[in-house]
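> Those protein sequences? They're chains A and B, same order as listed.
Remember, our numbering sits 510 above the position in the first sequence when you count from 1.
Remember, our numbering sits 20 above the position in the second sequence when you count from 1.
Rather than coming from a laboratory, the hints here were simulated on the basis of the structure.
Warning: the hint list may mix true and false statements.
[To be verified] Pair by pair, the computed Cβ-Cβ distance ranges are:
(1) B/475 / A/789: 31 to 39 angstroms
(2) A/1080 / B/305: 44 to 52 angstroms
(3) A/1053 / B/305: 40 to 48 angstroms
(4) A/1046 / B/83: 57 to 65 angstroms
(5) A/1050 / B/381: 44 to 52 angstroms
(6) B/188 / A/1046: 14 to 22 angstroms
(7) A/876 / B/176: 57 to 65 angstroms
(8) B/39 / A/596: 51 to 59 angstroms
(9) A/566 / B/176: 22 to 30 angstroms
All of these numbers come straight from a predicted model, not from anything done at the bench.
Backbone N, C-alpha and C define an ideal beta-carbon position, used for all residues, glycine too.
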Amino acid sequence: MKKILGILGLLIAVYASGYMPLHRHHTGKRRADDVRFFGFLLLFMAAMVGLVMSQDLILLFVFWDLTAIASYFLIGYDSEEEESRTAALMALLVTGVSAVGVLVGALLLWSEYRTFSLPLLFQSAEPSTTVTWAVSLILVGALAKSAQFPLHFWLPRAMAAPTPVSAYLHSAAMVAAGVFLIGRIYPLVSLDTRVLDALIVIGGASMVVGGLVALTRDVFKQVLAYSTISQYGYVVVMFGIGGEYGVAGATFYVIAHAIAKSALFMTAGAVTEATGSARLADVGGLWRRMPWLAVGSAMASAGLMALPFTIGFFKDELFFAGADGRGQLIQWFAVAGATLSFAYIARFWAGIFLGPRQGDVQPVPASLVIPVGVLGALTVLGGIWVEPFRWLAEQAARVSFGEELEINLAYHLDTRTENLMALSVYGLGAVVLLTGRWWHQPVERLVKIGNRIGPARGYALALYGMNRLSDSIHDFEVRDLRSRIATILIPSGALVLLAVIYSPTQDTFRFTSIESGDLPLLLMLGVAAASGVMVVIPQDHLRMALTLSGVGFSLAVVYALLGAPDVALVAVLIETIFTVVFIGILVLIPRPILRYERNLRAPRIRLGRDAIIAFIAGSVAFVVVWSALSRPSASTTVIGRHIEQSPLAHGYDVVTVILADFRGFDTMGEITVIAIAFVGILSLMRAGRLR
Amino acid sequence: MIAENLPVLPIVLPILAAPLCVILHRPRLAWPLAVAVAWATFGVCCALLARVLADGTISYQLGNWAPPFGIEFRVDSLNAWLMPLVSGVGALVLTYAPRSLAAEVARSRHGLLYGVYLLSMTGLLGMTVTGDAFNVFVFLEISSLSTYALVSMGPDRRSLMAGFRYLIMGAIGGTFFLIGVGLLYMKTGTLNMADLAERLPAVKDSRTVLAGLGFLATGLSLKIALFPLHLWLPSAYTFAPSAVTAFLAATATKVSVYIVLRFFFTIAGVGESLGNGAVREAIMLLALVGIFVASLVACFQQEVKRALAYSSVAQIGYILVGVTMLTVDGMTGALVHVFNHALMKGGLFMVLGCVVARVGGSRLSDLRGIGRRMPLTAIAFVIGGLGMIGVPATVGFVSKWYLVLGALEAGLWHVAAMMLVSSLLAVVYVWRVVEVMYFQEPEDAPEIDEAKTDEAPFGMLLPTLVMIGATIWFGLDTDLTVDVARRTAAMLLGGGS
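Pulled out of the complex, with its shape left as it was, chain B reads as follows (with noise of 0.2 angstroms):
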């Protein structure tokens, strides 16, 4: 009976033990339902990938009403990836969170806390395993609207007005993203995506279809935060809690990048949204301002925090330009970059809370010291930073590699040399970090103990140091991440259109 229902098992699992873990409310229940419901998604997401891999697509009818009539549930190797990946930082960063929120969240809202996240992690994952548009469209607003509330969960008061201001933009996002699925609905009579990608090349030429698709790529440019849709981003990150910024950061943009390739490269075929050569330039584009400028921008924060969520949204920048090269190993490069960027980020992410849960804050200012204070802890920042910056044997020389690799292919010379500058900047803001750990002390120095270090909980410490461990893994071993993403990226460019 699990074999059959392995596809909605993911969604299942967190969604019954959430309200569980609000009711429970203790921290101390609540937590070890959560954190095991968490691994156990993870490990039917593994199991998940597995079959999907030996054999191909996996289709499941929710209230056994065929599609397109009922709602279906759609696993092929596109988004079959991506589900482990939620799942695995999700239950990682589970784990980490207990301690890392008893420095930034009152003790009574830990519970609730739990629930949500569990909820958060349920609307991710929904929103990759379903094959209907609108069920898309629900599941966004599961994750949405939990992202909200943890976001607004965070230590600081400022945290409400981020979380505010996140809620109005993701809001608008998920709005366009509604009347954008309306209008294709409008002309096409379906919301199943499989009948949508059959019925939709007989009406491509309308004003509505168009005009769909416009509305969608807005909304969701929205949530995967492109430059210039990106202002949400910065102030969520840096006012959630620690734990619940190491989660989004790793996934919650990434999923949106799975609905912009499911809708316009799987359902809409690259020939008719992208292949016109004036949108996929303009995206490109933007994608490429977006690195630049959002890197400037991380360049000179003083907060870390923000320094790495302008970071992100440069690298969602990166993930775009993949995409829109149109060439197999752009688009490889894109998707191992959702992938690696996932494990860097929550891995910076998750080093920042460890500093937060012992020094108090995460200002440059804060950091100071850090490299004698809490060795192990830097020297994970450090490993993790280098993959930002692209240094071969992390993550982030694999999908450099790859993007640039397609740009070369694709004939697009300036964009690969801009990729390379730009990682410069990426140096620039993640040296400054590291000069500030080893070389500088801090201001009201206590007498300096050679012996005695004060590094994070080893319960904190531990997911860190896996999590920055992956990036160092798949940075040496590519065979699976690269063979998965090669052959999606075959997929996408060649079956669409």
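This is chain A alone, in the form it adopts within the complex (with noise of 0.2 angstroms):
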């Protein structure tokens, strides 16, 4: 798997280097963007070539994301497009939710058996509920990553990347990394046959939707993303299938499609660079102006098509081997896949390099072409001589299935079911190819449908209702400070509130006899009460100010009735002081904004809910002090304390002392609040007036 990354990265590099230029000067981009470019290409190699050398589902997962992200910046080199900004962020975004699945199921894995190496995991792993989910939740992330229905939208959209990206990333590297991460862990896939018998539902439908979609579409990208999806379709099933062949055919598969698929895609990028077009429509016949590039991308077709002496035979020759063994049914699924699979790649071929000539072509330089050349021979190679790909394919599948398996590759003359299965697909694929008129309309309409209700859609839908979830989060906070306050002041007192409930009750809520000394206090607090109350009923302002002065004078009474004149003084001080300012205050206002305000008229729903509130936060307070009243304050303070060292810190009072020694450090502190206080009201002042 590494080598074949490897060596198709170098190809690609190859190719790219000779296509970037070419794409620079059709997007009027700078050399220095190209330094970007292949930055984040070898980035991405990197993290693929950690992502499969990892045996640590922490590991995995790290590189997993990290191919993410550096598809996301290639997916979207070409920034000033609209398209392909959405393009790379749907990429990041399906794949990237999905990689929580792996994490997620790395985790449940965890808890189960403490460890996050697979070969541990392997040894220990047995059939359970906790790994059952697990897998799944791998398998999420897995198949979206390798494009899988209902999942798949992502990847013909990111065909907006490049060329040289699509190549590598959705040909070979980043979908593959999907059932990669398959075929890692199917020891742990293998212990659950729903899982098993997921995965070939899922496979199948990615298979017949990729292949019926591919075979409408138009743009060269579109074909062969679509392909891809389909492609990757019969790999997941090959591992649903399971057994030696399923798993070693998946692996095989894999290897031989990454090989045609690029070859074909490179296919594609030379093609639009020579004649400026990417529509099967408006080329063709041009294997005579570009006669080698024709020839290597037939070979890549003709592996991809699944024809004898080409490494594509013995993918399909592995797939029926394995659908064999499941009877009738899947055995049907298979024809049909293929054979769908046969048509839409030879018309992408025949499109392109058959028919009346269409379309102007400028050269093209060689190192556009010989990639293709080179992949597409190795095409042709891996079907003649198939010994190393076969071992290849072995070695990987050893580590899949857990034990040692033998694969056999060879052309047999003979009428064994594989081969009649080959075909009846070259015979079908030859019908569909041919009655392309007829069933193309119905398609087509079946593939719009599709994209109107299908999955694509539901992401749209996503994203918008998200951003309108969050807009009206938005408009709900950013609304006045009185709804801020009322947002704040309910769940405070709701807290509070609950606290009082949930503690235990005993000797709480005690009434004592009121005795006839009492009244004078008694009729205090009833006027503070009193004009508490009446300063919330509107009026004027002036008499507001004097009502609210009434609550601190009458309350100074009361500190003075409970026998505490110092602090009795100091209150009539500081509500003198304040009722003086607050007046001042109000001389300052120009009288036609007080008069604007008095002339204001709430809403009476407002009214009635801040009364609620009011009142609801006034009883907690009430319930809170009386319960807290109703039992003794503790016996020993530091008050106690304080009294006695008064004369010790030389003060004849002990309030003094408190001020000035023992919390002199608090007093300090107070004072420079006020400082602060008034630097920020002065500042706050300035700023006003300047603007």
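The two chains are supplied separately, each in an independent frame; assemble them into the complex guided by the hints.
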């Protein structure tokens, strides 16, 4: 796997070195951007190599995400295009979100077996619900990365990337990472047959959906993208089928497909560069003008179409052999899928190189053609001398399968099932191609319906919905200050109320008798309360200020009655200063503003709401104070000691000593607070005046 | 003498320098003084940390009145590591400040701002170092009031409004806190924290104590911006001067988290306060909801500062989830995240300050093409952003790792999963910005010159890169942070009840 990646990567780098100057020319990019491009390409490669080599689920996840990030930059390379930006984000979101499945799955496995190491997991894992869940979650990530139905929609969109990116990411590497992961954890996957069945269903659906859509697409890269979806569908089905043929076949298929598909992507890029067109409808008959490209990509196409003497023949052979063991239904399905892939690849190649000549051709650099030729040659070579590929597939499959296995790959000229299936595929494929005009319309319509209600729509709706939700939350938050304070006070009140309700009730809420000596006290408290209520009633500003001061003055009297004349004196002093300042400010405020303020009428609902909140808050406060007063205070307080030590601090009354000595530090702090308040107010006022 | 008075120096130094700054008035004089004092404070805090790690808890008696009768400063492993963080970030941001302020605040007010900034630092350090419940309130007031003043000095007229709103909310929070302390005093007769911890068990059944703790919790929730009491935070962070935002985002809510830990773990004891399953679960639920809601809102903000502010609300959620797990791993994660988030968020806001200094705004549309114009700044943002997401090799990964482990240890599957899923939202809101920085060209694009960049001034760039570099350093070398956090977590969970 690693080697394949390396070789492909090298070829693509060569191809890109030829392609990028042309592309840069088309899009008006600067040379410096190329550095970025190759940088991310190499980062991606490194991440892939890391991914395939890691034996630890966490490490694997890290590289997994790294590939997603690198691919984001690669897909969005043409950043001035809106389309490539959305495509890049879509790819990142779909693969990134599903990657969390991998992580959660890994954590689930950890919780069960206390290890992230794959070999250890394989040793100790046993079928259980947790494992099934974990594996399913990991598979969600893997399938999304491999663009399997219904999370396939990001791949065709991602074709907005420059061609080298599509070739590497989407034929060989990024998508292959998904199935690679399935192969890597296959010993866990095969623990539960339900998971395997699900794989068959998902893979089959991708096969059919991808194949059908690919048949109707006109843009090169779209055809190839949907074909990738469909062909990785095969691989997933093969994993689902399981057994020696299934697992080895899947590996072999990935290798074969990677080689051939990259060649086709590069063909598409070269043709686009040469003709300036990216649609099948606009080109045709190019084989005369670009003979080498035609030959190279013909070999690659033949590989994907599974013709004999190409490596592709064996991939289908293994597929059929695997399907053979799983009953008629799967077999029919296999033939249908292979037929589709035969048909759309043939359509793709023929559409470009055969038929009436269309489109002007500019010469393209050799570095755009040579990699295609090399890959095409490799495809054919693999069909004749299959040994090295077989060996590779066996080695890889052994890891997945967990034991030695041997696959036989050779041509047999007899009527074994595989051969019959292959023959029927060729026949059916030809029929499908020739009858194109009959089915083209209905299939297209089907695809349109799919687009309208399919998962891509779900993605868009989800984004839109989240946007709306966020907006509404934001709108809710930025309303007026009053609402904000209400939103603070209500939860706070609820919290305190909860504390009161949940606490034990013994000994609380006691009444004591009221004696005649208490009457003045009660009277003053009543005055204070009444003034408090009066303030709320709409009235003149001056009257409001005076009523408010009534609260303070009556409380001062209460202090005096409770035997704290000095506190009372301070209270009177503060209240006087406060009232005078308040009235002074009122004088300074321009009359019209005051008049306007006074005539404001709040809506009735809000008044009601405020009243209710105020009532509840007041009741809670009342309950808290009542219960606090109903129980005796602490018997030993620090105050006692403070009083004892007052002479030591050279003071005559305890209040002074506390303020100036025992807690002098607090006093200093409070002085600082006042200083800051002063500075802050000053700066506020100046800011107000400056503008 | 310095060694003896070490605990009080972090307060004395800045509080003395602050009025001097205001008096000196001219930025050229005030700034060097402020920076020197800030770094000196940082040095003292580091020395303090070293001594606590070596010798254990330090107690310092102000005015030589023995606790609980006088005020006591008490430094243990819980607050010792927070102090270098607060003072270090403060000093670094202050170093960075003048060029940033030049773009945002009238020059005549810089001296004032440095003074108030130092006071704000004093307040935060004081809250951290003190061992007296009422003294906490005093320092809370110092830090809050100076914060209101700092916010309202912002460049925009809306910063006045933001400062005012912050003031109203902060005053409510402060009052609740004071009521809480008052109720506790009523029942225990003491204000010293260690003494409170001893006396509380005797009266724990009392409704007054519970109501007091309820008031404390509410007031502190406001201060740490726990969802849904976070409403003051986004506007304050958005409209404050960039340097102030960087400092506040990194430190203010963190110190309040410390106060929560102090009151609910070492004073009230785990068993008495959060052990009550319903309360614990309620707070955890709020934190989780907060993570999701705030992240979601962050995803769709046009103003990047505001998006990051919402993300702060979300990150506070992570910290509280870690705290409420009541496992050593979870608490370690929370403590490490306090530290790590301070570095990341401070760094990110500093980056935005660089952008504002050059471009004049921090809306998404202002950030177009920054990747090319200010390459180093943009890289710094990407690294900080990766930290927010929790990518390995950044600090974000370290804290999320322990948080998730803690959740697993506590058997809270859904919580672990939700934390992971919510990281995705971070991907979204960080990536939107990255995308704009690298992939979009400014609308009125002048002819692009390949070689020319327009990087932020060196004096801003260097502190920013130091801060962002720290997120990588502590992401790779986790020995110090995790070790201290683990020790502290064990102390909090083991010692309290």
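> Could you run down the list of hints and mark each one as holding or not?
Consistency of the hints with the structure:
no., hint, result
1, B/475 / A/789: 31 to 39 angstroms, "45 angstroms, violated"
2, A/1080 / B/305: 44 to 52 angstroms, "45 angstroms, holds"
3, A/1053 / B/305: 40 to 48 angstroms, "47 angstroms, holds"
4, A/1046 / B/83: 57 to 65 angstroms, "45 angstroms, violated"
5, A/1050 / B/381: 44 to 52 angstroms, "45 angstroms, holds"
6, B/188 / A/1046: 14 to 22 angstroms, "18 angstroms, holds"
7, A/876 / B/176: 57 to 65 angstroms, "60 angstroms, holds"
8, B/39 / A/596: 51 to 59 angstroms, "56 angstroms, holds"
9, A/566 / B/176: 22 to 30 angstroms, "50 angstroms, violated"
Violated hints, listed in ascending order, are 1, 4, 9; each of the other numbered hints is respected by the structure.
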